[in-house]
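Peer 1: What follows is each chain in one-letter form.
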Amino acid sequence: MTPFTYERATSASHAAHLLGERPGAKLVAGGTNLLDLMKLGIERPTHLVDVNGLGLDRIDDLPDGGLRIGAAVRNTALAAHARVRREYPLLARALLAGASGQLRNRATTAGNLLQRTRCPYFYDTDQPCNKRAPGSGCGALEGYNRQHAIVGTSEHCIATHPSDMAVAMRALDATVETVRADGTTRTVALADFHRLPGAMPHVETVLERDETITAVTLPPPVGGRQIYHKVRDRASYAFALVSVAAIVQPDGTGRVALGGVAHKPWRIEAADAALPDGAAAFTRRALEGARTTPHNAFKVTLVERTLAGVLAEATGKEPT
Amino acid sequence: MSSTPLPVHASITLDVNGRQHRLTLDTRTSLLDALREHLRLTGSKKGCDHGQCGACTVLVDGQRVLSCLTLAVMNEGTAITTIEGLGTPERLHPMQAAFVAHDGFQCGYCTPGQICSAIAVLDEIRRDVPSHVTDDLTAPAARTRDELRERMSGNLCRCAAYPNIIDAIEEVASRENGT
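Chains as they are written, first to last, in my numbering: chain A, 1 to 320; chain C, 1001 to 1179.
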């Protein structure tokens, strides 16, 4: 591991200031992803800024009926929060489908959004990876890519975003709040927060260098049946092959975001409009232009079947 | 030409099992390495060192965490409990005694992490933290076998003592329940 100096930030904007001022600076809160990557030499910060203890671990009701989730709220605390369980069960379910109890006790809201891909070619420093070493190539394109993305990919990267939480937040129309070194704030729709890989897969979000997340806000609850269904290789403690985050209203309309298929939580609003026509119609629209490999082509079918099961559960009708 | 940065050291105080320890550590030192290599508390085990096996599980402020994925310097001001702080060979913690009674281990390597995790699982259920297998998110969490299995999924046991581990936890849970 590369040696680093360690400092506790005094505020979120101070943390943003340090990010802008020191080229090798990284923020740490839970550390559950960052420290793993530092041990492997994939992340090599020379200055580590601890953002725990800044009061960013609050969950507050918003005047409009929505919810504001602090950047440093632990995944466990968020999943156990009474309003999240009652009014945003999709989010609680997604959180509880991810990682293990120990990891959820440390992992934070912002860290979950900013976690890196689990692509094995990203993790193996002997392999080319445009995300880890820009310009070195992509080992996954022609490699063992069963778990990789099928939509929104580029010839430079077919990695997926590994989060469950973010998929639910995408379906819930979440917004990310940020602060910069000079104290200016902005809000970014989660839909626009993560980038597609394009020619720069190492740039994963729209955050500026001196900018950090302070909170995620949810609009007022939308009701409906909220189901998060994650399909994985073992029953617990594994990343998704495919996940479906669905909010289905009594009239059959709704919204669906998909995990495990793209470089970001995948939601196509035009596909939502096709939801009343069933899983096949939705999947055709949502995965239009999919580029699969022999190893991961099964994900198209898996999305449709998983969604069919979810819709059947939500509406009480037999899968179509 | 950039040169390799020199190691950086920090002086910190760690509260482990109720005792204060003053340590000067390389900032890169994980909590696990601080416990094992500096405080010689070798009960917490290094299985994978990457947060995949759970053998390094300890309690920080009463919550189970992976000591391999947190830095010692980040844990100043917290109360850390390791397997050594739970019981002694003469006075076992009830969870330790239950693991012995139910053969909840074979080689024993994952056991300190299993026991720390198991104690925290019962506390999480008591505090009404839901899990992936909780049917109704608005009802209090229950101590079913399925719940225990799901909540313990971050602790791997290559000897596959899983059924006996769940038996041990169930016994402690039922005694706390007064049943």
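Check before you lean on any hint, since a few could be wrong.
The following label-pair restraints were derived from C-beta to C-beta distances [unchecked claim]:
1) A:234 <-> C:1103: 23 to 29 Å
2) A:313 <-> C:1144: 17 to 23 Å
3) A:21 <-> C:1018: 52 to 58 Å
4) C:1103 <-> A:191: 50 to 56 Å
5) A:284 <-> C:1103: 36 to 42 Å
6) A:61 <-> C:1090: 33 to 39 Å
7) A:270 <-> C:1101: 40 to 46 Å
The set of hints was computed from the structure by calculation and includes no laboratory data. These numbers were taken from a predicted model, which means no experiment stands behind them. Positions of the beta carbon are idealized from the N, C-alpha and C atoms, including for glycine.
Peer 1: Now tell me if each hint is right for this structure.
Peer 2: Hints versus structure:
{"no.": "1", "hint": "A:234 <-> C:1103: 23 to 29 Å", "in the structure": "24 Å, holds"}
{"no.": "2", "hint": "A:313 <-> C:1144: 17 to 23 Å", "in the structure": "21 Å, holds"}
{"no.": "3", "hint": "A:21 <-> C:1018: 52 to 58 Å", "in the structure": "40 Å, violated"}
{"no.": "4", "hint": "C:1103 <-> A:191: 50 to 56 Å", "in the structure": "52 Å, holds"}
{"no.": "5", "hint": "A:284 <-> C:1103: 36 to 42 Å", "in the structure": "54 Å, violated"}
{"no.": "6", "hint": "A:61 <-> C:1090: 33 to 39 Å", "in the structure": "51 Å, violated"}
{"no.": "7", "hint": "A:270 <-> C:1101: 40 to 46 Å", "in the structure": "60 Å, violated"}
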